[in-house]
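Could you build all of it, start to finish, from the sequences and the hints given here?
Heads up: the protein sequence lines correspond to chains A and B, in order.
Sequential numbering from 1 applies to the first sequence in full-length UniProt numbering.
Sequential numbering from 1 applies to the second sequence in full-length UniProt numbering.
Treat the hints with caution; some may be incorrect.
Stated by the list, open to error - Computed list of lysine-lysine pairs in DSS-like fashion (alpha-carbon distance at most 25 Å, straight line):
1) Lys86(A) <-> Lys334(B)
2) Lys316(A) <-> Lys293(A)
3) Lys267(A) <-> Lys321(A)
4) Lys342(B) <-> Lys281(B)
5) Lys342(B) <-> Lys52(A)
6) Lys316(A) <-> Lys52(B)
7) Lys221(A) <-> Lys281(B)
8) Lys316(A) <-> Lys342(A)
9) Lys86(B) <-> Lys138(A)
10) Lys334(A) <-> Lys221(B)
Claimed, not checked - If we take Cβ atoms under 8 Å as the criterion, some of the chain A residues that face chain B in the derived model are:
11) Asn9
12) Tyr13
13) Leu75
14) Phe79
15) Ser106
16) Ile107
17) Gln109
18) Arg110
19) Gly111
20) Leu143
21) Ile144
22) Ala146
23) Phe147
By construction, these hints were calculated from the structure, which means they are not laboratory data.
Cβ atoms here follow ideal geometry from the backbone N, Cα and C, with glycine treated the same way.
2 protein chains.
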Amino acid sequence: MIVNITLPNNTSYDITIDRLNEIYYDTKVVIVTNPTVSSFHLEYLKEKITAKEISVVTVPDGEQYKNMQTIDMILDHCFENRLDRKSLLVAFGGGVIGDMTGFAASIYQRGINFVQVPTTLLSQVDASVGGKTGINNKYGKNLIGAFHQPKEVLIDPYFLTTLPKREFGAGIAEIIKMAVTFNKDFFQWLEENDLTKEENIKIAIQKSVETKANVVIQDEKENGIRAALNYGHTFGHVIENETQYKTYLHGEAVGIGMVMANELAVKLGHISQEEASRVKKLLEKYNIPTSYKIVDVEEFYEHFFLDKKSLDNKIKFILPKKIGSCLITDEINKDDVIEVLKVFN
Amino acid sequence: MIVNITLPNNTSYDITIDRLNEIYYDTKVVIVTNPTVSSFHLEYLKEKITAKEISVVTVPDGEQYKNMQTIDMILDHCFENRLDRKSLLVAFGGGVIGDMTGFAASIYQRGINFVQVPTTLLSQVDASVGGKTGINNKYGKNLIGAFHQPKEVLIDPYFLTTLPKREFGAGIAEIIKMAVTFNKDFFQWLEENDLTKEENIKIAIQKSVETKANVVIQDEKENGIRAALNYGHTFGHVIENETQYKTYLHGEAVGIGMVMANELAVKLGHISQEEASRVKKLLEKYNIPTSYKIVDVEEFYEHFFLDKKSLDNKIKFILPKKIGSCLITDEINKDDVIEVLKVFN
Chain A
1 MIVNITLPNN TSYDITIDRL NEIYYDTKVV IVTNPTVSSF HLEYLKEKIT
51 AKEISVVTVP DGEQYKNMQT IDMILDHCFE NRLDRKSLLV AFGGGVIGDM
101 TGFAASIYQR GINFVQVPTT LLSQVDASVG GKTGINNKYG KNLIGAFHQP
151 KEVLIDPYFL TTLPKREFGA GIAEIIKMAV TFNKDFFQWL EENDLTKEEN
201 IKIAIQKSVE TKANVVIQDE KENGIRAALN YGHTFGHVIE NETQYKTYLH
251 GEAVGIGMVM ANELAVKLGH ISQEEASRVK KLLEKYNIPT SYKIVDVEEF
301 YEHFFLDKKS LDNKIKFILP KKIGSCLITD EINKDDVIEV LKVFN
Chain B
1 MIVNITLPNN TSYDITIDRL NEIYYDTKVV IVTNPTVSSF HLEYLKEKIT
51 AKEISVVTVP DGEQYKNMQT IDMILDHCFE NRLDRKSLLV AFGGGVIGDM
101 TGFAASIYQR GINFVQVPTT LLSQVDASVG GKTGINNKYG KNLIGAFHQP
151 KEVLIDPYFL TTLPKREFGA GIAEIIKMAV TFNKDFFQWL EENDLTKEEN
201 IKIAIQKSVE TKANVVIQDE KENGIRAALN YGHTFGHVIE NETQYKTYLH
251 GEAVGIGMVM ANELAVKLGH ISQEEASRVK KLLEKYNIPT SYKIVDVEEF
301 YEHFFLDKKS LDNKIKFILP KKIGSCLITD EINKDDVIEV LKVFN
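Written out as structure tokens, the structure is:
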């Protein structure tokens, strides 16, 4: 199936959820990948994708390498292979590969095309859709980057067959996120169905991509509703930052972040304790972590301000309002937040 | 006077050519400048521009510092001053400052606003208009960058009072470029008037900005007509590259490049020898260099391919067709080019 995104500035691209078809690009192509993905699936990809000239750059695997040094590696490869303005990068891996490849494409010769071929569940349902690209630096996560929409997104569920269980769970966390914030029927469907079954995960990917596409079309640059996709992220980013991106997968940190956001939402009367428990139970069904030991509550609170969403020294929280809709607010009292953080202390 | 640019994607901004008015920005502002501009004019600027919070980052002066290290300096300053997504960078200097500030703004938190306050003639007539931003690297000039339009451009001719003569000439070269490629009446006016007089330079700035604005509106991303603005640049970039950006100012290299392009245009019958001489004479009137010693003709030719405009290993030349219009072509025989290069050998 194909989901189309057409943005107000007339950028348009398709997201295809299906086994890869054979495709020929009449230009130079560089596939950006990491050793793990490469060893499992590069041959499969190269059977499908052919081009005028094709080369591969393999970058180190992991969030800790999502930095300017790795971008330079990718760009150097592009320069050495004399890519021109019509050339194409293919992001072949998870969210880290997608974010970096997209960012490299956005600044190479002031912007060239790129294609997303996401191989993890998380990147299939979330990271590959929407055109956010970027890298981390010592100040925090995704603080350097660009909005750069892919030319197309090719989601092949086949890649999930080799995905470790933890990474699968991390992807489920983002699927649950979409359901809690935007679609109560989808949430109920998630409670009733087993996502480890292939026919179900395909439906869940489709639903998630449709939901995200709909949000991105309305608000590409995140001036409004798109911020709702950051449900769980305000807390999650601090957790990732405190643990130096080493302890948790992004989706796992978001899972914990959702539980924290729900705690705050319960306290402020936006959702019931029972609804919060349903979300937690659904996360636990896929072994997604739901607890985190906050060592220093004040320090944790301070770290919110490093997040680029903290405009004017305010912190933007996304809180569910019942299951299936949500509230974006930067008007939460520090005292209320601190009290919630103490629950995890 | 004000020239407005409205791009097809609805981005719109004004270019004001006038003494600076007092202006208040209700956000954090970082002024990016260099020690030279700062010592002459920072106090003047700070009298005019006020903001919620204002700070200055001073970066080293010169094209050789137009690199990622300097971008990191600017970005670090922004992070340390906790700029958010509504904050604003002000590019206060010549083209190098403008290109770097624009690029830093384009990647800080996936893009924030910036304002151009160009202080050199070259940046006033050319670099500050059009949204091209970028830096150099070991592979060449402006190879990393983004299209990022400023929020506004404030051109104050007062800054030209402290501009060294050589830099003034470099700016005139770009003015002549606009006239040769787009406007024969303007070219004739340039032949008849003295641009060192203030009333004349204001007219010339206005004409150049209008010409450039008109081109950028038609073709922001340089898929067609915008390439005509690179008249003189195909050769000029190689000259800058060979001399490591140390010998010539950008406008001077473009001046030489125009003479080389004209030589090729004469050879191919697009302009007469007499027209080429008129252009050369006009350049010489402002002491703009018009000759360059090519050491190795084949090597010079090879260097064309490092230019990002060389799609599919073809070199794009912009050749005047009479004075006042031009031809964009990548169909020139290597032999013809080599023969022309030998004239400078």
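Hint check, isoleucine 144(A) versus chain B [nearest Cβ-Cβ separation less than 8 Å]: Holds, because the Cβ-Cβ distance from isoleucine 144(A) to chain B comes to roughly 5 Å (cut-off 8 Å).
With a cut-off of 8 Å, does the beta carbon of isoleucine 107(A) approach a beta carbon of chain B closely enough for the hint to hold? holds, 5 Å
For the restraint on glycine 111(A), tell me whether the closest CB of chain B is nearer than 8 Å. Hint on glycine 111(A): holds, closest Cβ of chain B at ~6 Å, below 8 Å.
Can the hint on phenylalanine 79(A) be confirmed by a CB-to-CB distance to chain B that is less than 8 Å? holds, 4 Å
Between lysine 221(A) and lysine 281(B), is the straight-line Cα distance small enough, at 25 Å or below? Violated, at about 50 Å.
Close enough to count: is the Cβ of leucine 143(A) nearer than 8 Å to one in chain B? With Cβ-Cβ at 6 Å, under 8 Å, it holds.
Have a go at the alanine 146(A) hint: is there a Cβ in chain B nearer than 8 Å to its own Cβ? Because about 6 Å separates alanine 146(A) from the closest Cβ in chain B, which is inside the 8 Å limit, the hint holds.
Given the hinted pair lysine 334(A) and lysine 221(B), is their alpha-carbon gap at most 25 Å? Measuring from Cα to Cα gives roughly 46 Å; hence the hint is violated.
Take the C-alpha atoms of lysine 342(B) and lysine 281(B), compute the straight-line distance between them, and say whether it is at most 25 Å. It holds: about 22 Å lies between the C-alpha atoms, which stays within 25 Å.
Let's test the interface hint: is any C-beta of chain B closer than 8 Å to that of arginine 110(A)? holds, 5 Å
Has the given pair, lysine 316(A) with lysine 342(A), been kept, meaning a C-alpha gap of at most 25 Å? Measuring from Cα to Cα gives roughly 19 Å; hence the hint holds.
If you draw a straight line from the CA of lysine 86(B) to the CA of lysine 138(A), is it 25 Å or shorter? holds, 21 Å
Hint compliance for this structure: hints 5, 7, 10, 12 are broken, all remaining hints hold.
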